[in-house]
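S.K.: Chain residues, written in single-letter form:
Protein chains: 6
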Amino acid sequence: MPIVELHLLEGYDPEDKQRLGAALTDAVTLVVPALPEAVTVMIHEMPTDQYYRGGEQRSGAAALPDPAKVVRQYLQSMEARDLPTAQALVGDGFMMQFPGADPMTKLSELIAWAKPRYQSVTKTYEGFDVVASGGTVVYCRGTLSGVWPDGTPFDGIRFIDRFELQSGKITRQDVWNDIAEFRSAP
Amino acid sequence: MPIVELHLLEGYDPEDKQRLGAALTDAVTLVVPALPEAVTVMIHEMPTDQYYRGGEQRSGAAALPDPAKVVRQYLQSMEARDLPTAQALVGDGFMMQFPGADPMTKLSELIAWAKPRYQSVTKTYEGFDVVASGGTVVYCRGTLSGVWPDGTPFDGIRFIDRFELQSGKITRQDVWNDIAEFRSAP
Amino acid sequence: MPIVELHLLEGYDPEDKQRLGAALTDAVTLVVPALPEAVTVMIHEMPTDQYYRGGEQRSGAAALPDPAKVVRQYLQSMEARDLPTAQALVGDGFMMQFPGADPMTKLSELIAWAKPRYQSVTKTYEGFDVVASGGTVVYCRGTLSGVWPDGTPFDGIRFIDRFELQSGKITRQDVWNDIAEFRSAP
Amino acid sequence: MPIVELHLLEGYDPEDKQRLGAALTDAVTLVVPALPEAVTVMIHEMPTDQYYRGGEQRSGAAALPDPAKVVRQYLQSMEARDLPTAQALVGDGFMMQFPGADPMTKLSELIAWAKPRYQSVTKTYEGFDVVASGGTVVYCRGTLSGVWPDGTPFDGIRFIDRFELQSGKITRQDVWNDIAEFRSAP
Amino acid sequence: MPIVELHLLEGYDPEDKQRLGAALTDAVTLVVPALPEAVTVMIHEMPTDQYYRGGEQRSGAAALPDPAKVVRQYLQSMEARDLPTAQALVGDGFMMQFPGADPMTKLSELIAWAKPRYQSVTKTYEGFDVVASGGTVVYCRGTLSGVWPDGTPFDGIRFIDRFELQSGKITRQDVWNDIAEFRSAP
Amino acid sequence: MPIVELHLLEGYDPEDKQRLGAALTDAVTLVVPALPEAVTVMIHEMPTDQYYRGGEQRSGAAALPDPAKVVRQYLQSMEARDLPTAQALVGDGFMMQFPGADPMTKLSELIAWAKPRYQSVTKTYEGFDVVASGGTVVYCRGTLSGVWPDGTPFDGIRFIDRFELQSGKITRQDVWNDIAEFRSAP
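Chains as they are written, first to last, in the working numbering: chain H, 1 to 186; chain Y, 1 to 186; chain G, 1 to 186; chain D, 1 to 186; chain Z, 1 to 186; chain B, 1 to 186.
Treat the hints as calculated values from the structure; they're not laboratory data.
A couple of the hints might just be wrong.
Pairs of lysine to any residue residues, derived as SDA-like cross-links and limited to a Cα-Cα distance of at most 25 angstroms, are as follows [stated by the list, open to error]: (1) H:Lys169 x Y:Gln119; (2) G:Lys123 x G:Ala86; (3) B:Lys169 x Z:Glu126; (4) B:Lys123 x Z:Gly134; (5) Y:Lys169 x H:Glu37.
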């Protein structure tokens, strides 16, 4: 039964508004025990000549990219070893923390570090979660499959990645998985 | 500059409204590149005699508990081996997935499984993230410290837990950590 | 899905607001093919120091009485031949139009007119409809039962009454029924 | 002084909105003793990409036809004995209740029943009232004129019809009039 | 932090809305100790088919001209002795009150009165203030420069003019200045 | 017909809200050619737990004093030569500009300057105008009466004062009047 009204300068496309509609609905259901179907969101867009702060017109800023899409594209580029595309998605001060490794800041470092650990690896996704928490945080989880250095295949190894984004760019990646668990199994 | 208005049946205490204010602000900043300070949230509470659906009065439901608090209390109870308190926080169909273990459904199972793996373990938290995504999801991450079965201490082992909640109760816990990484290190 | 907000000076009791909630819901469903359950009404009441017209505070007026209740009370008083109570419910310029009678303006006239037509009559109600249409109009329909002048009983005779009200008082009553149909039946 | 805001998915034409504006004004004046001129109605239409329920876009449904127009068209068709047009305006489960007749369900039944009662009949309307009351109810009243079976003309006979509509179709017609009163008069 | 919403029939151009945005912001800051930057104004324009009073559509009226512009144009026309243009800006019942003069009602009177007092005069503006106070009042102040009848120049003489406007036309001008102060100085 | 809604943190007393209601009405009538009676203002006050910026509660600030009252009290104190009261109403950087005088910054300076100019002076007010224009500006105008140094009385001398206020304190006073005009008259 809760009703949300969002007043916004115009300039957002239908997909942006869809994301706002969903995110505001989710926000309400964190506290109010209503089914999502019971939450209504109305977005009121205003042309610039109908919005004033300090008595002056203001312009709306372009929407941030969908953070889950940014992360998905980054992970695909890394799997495909397409470093230029991946690099374009990371921001200043980027760092990565992988299990059993020192923090890394360059994508090429990660490629070098991974080389002796597996010949190839592919992610099967079970889900993405997006949180605003200071900046934006994206969680993605699922299972890894691939080929060990000795040529034997593996799959079904659980993983979870946590990404921090600022202004639409990835600034941090933290990775947890069960690779060591597998390797240490008898 | 975005302005959010939430219309709600009355019956929420200030802490609930604070959580709504923060969650709605976060939701907007996922799409609109505004600083949180530029997002205004107004909550309009209505007494039951001012809200009608189908021409009839409706009652507001009690707020859901803060999911981060539920998870924190659960983790504390488990660390303290206070199973009755922890049990009261889990819901129907509860299951746990730990690294290198089969899925478990009883808290006592987990205690038994952990016994040969470490004498004790304590969590130091770096952060909690809460997402509405179907039900509610809570992520908590940080480092583990404790004592191995042979009496040697450990600390600084990274972990992340993912909890699913339904109607305020924990229904699923997924755990990832670097314990195997540590044990498998030479 | 339609949402109605009504801004009103305070001073209405819960029953008045219930009537407003229902009437506004009805109004929407005349045009929008939504189930009543899909129509939300929010009533925003304002204390006098929060409402200004021409820069000056205004006071709210007392609610009009429920017109269906006024009519029901009038009809009960007339059945019970309690003319003072009935008289208090009629307003200036009151007139009545009964089948086969000239227009009447005094309740006592009606009593006199009815006397040779039946010993007694009782109304069984099937429904009341209330319309705002200039002033307020109340329809009530159902069946008549009673005793003819010759002592034989009757029942199941269809009737419909139409009442006009101004400022909460009845100013006109139009009556249709099947009494003549019955009497003229062989 | 009351102010009504209606939030609606777009897709209604100016005439629909005019009907909503009038119906909402009427609804308020049933309870609040304000002149219609003191009631303001603002209709806020939203494109589909600005309205979300359950985080998903919804589409507005086409407006219901003006029930008074439907009834007027039905009555005209019946007077003109244009049964196909009249039939297209009635819905499932249609029934009619005329004075001194058993309930009828087919328009042709009514024509047959009326044949021995009058050669022709025309309605002069004094007013239509429209109510939402579960479904939609239309009252129309006025006087009948026409020609008796024996060729003598009549006029000024009071009538009132009550119509129930569901989803824009007539599902019930109840008729009261003074025909028997006239015929039984000496 | 205050937020103003203005609901208005459409028909105002961006400059009119800019003036409304500024005037509403100013109005708030007279009472609330907020910086103008903390005041948000949202103007909601409604097409005529979305606004009803008394259940009927209403049309918006054309905006009043910017009163500061009207006054500025009047003063420029008077300085240029362009009486037809100035005359077009004054309304019924116009009167002027200058220091040391009887009230005047005709622009030509003023020209005649001024002739022996200075050869020419030019206004340098320091500021305009606009107030709604019954009708509209415009204050303009600054300094006068020009040439005395004897050919000597002057400048820096303070003046203030107060104008009353009704329906966009000037109906009264009151003038104060330090000319006498100057002339009476030794 | 314009409708203004003001959303405000609670903490304003009825007189403050009255001033807001009037000022917002005035603001609208500067642009929209509506009678003040056609302008509705609704003030929505929010308790602090219903208003969030940056996801955090904010407190409302105390209302600014009525600037016309501040000016009136200042002028009365000065007439009564009650310098401590007047001084308490002026703010940092206060300055005064009187006809034929250098700018003054101290109230005692003004008293000294006025001494040889008149024995006493009293203001009769014709009107106050208040404008928000950067800070707040108050105009007051009317006529002066009093006694010249030689003991002869005077009255009916036109004056206008312009006051600037910052945060409720007077920071500047500009005075124009016809005293020199009178003195220079033959």
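S.K.: Report the numbers of all earlier hints that the structure fails to satisfy, in ascending order.
M.R.: Failing hint: just 1.
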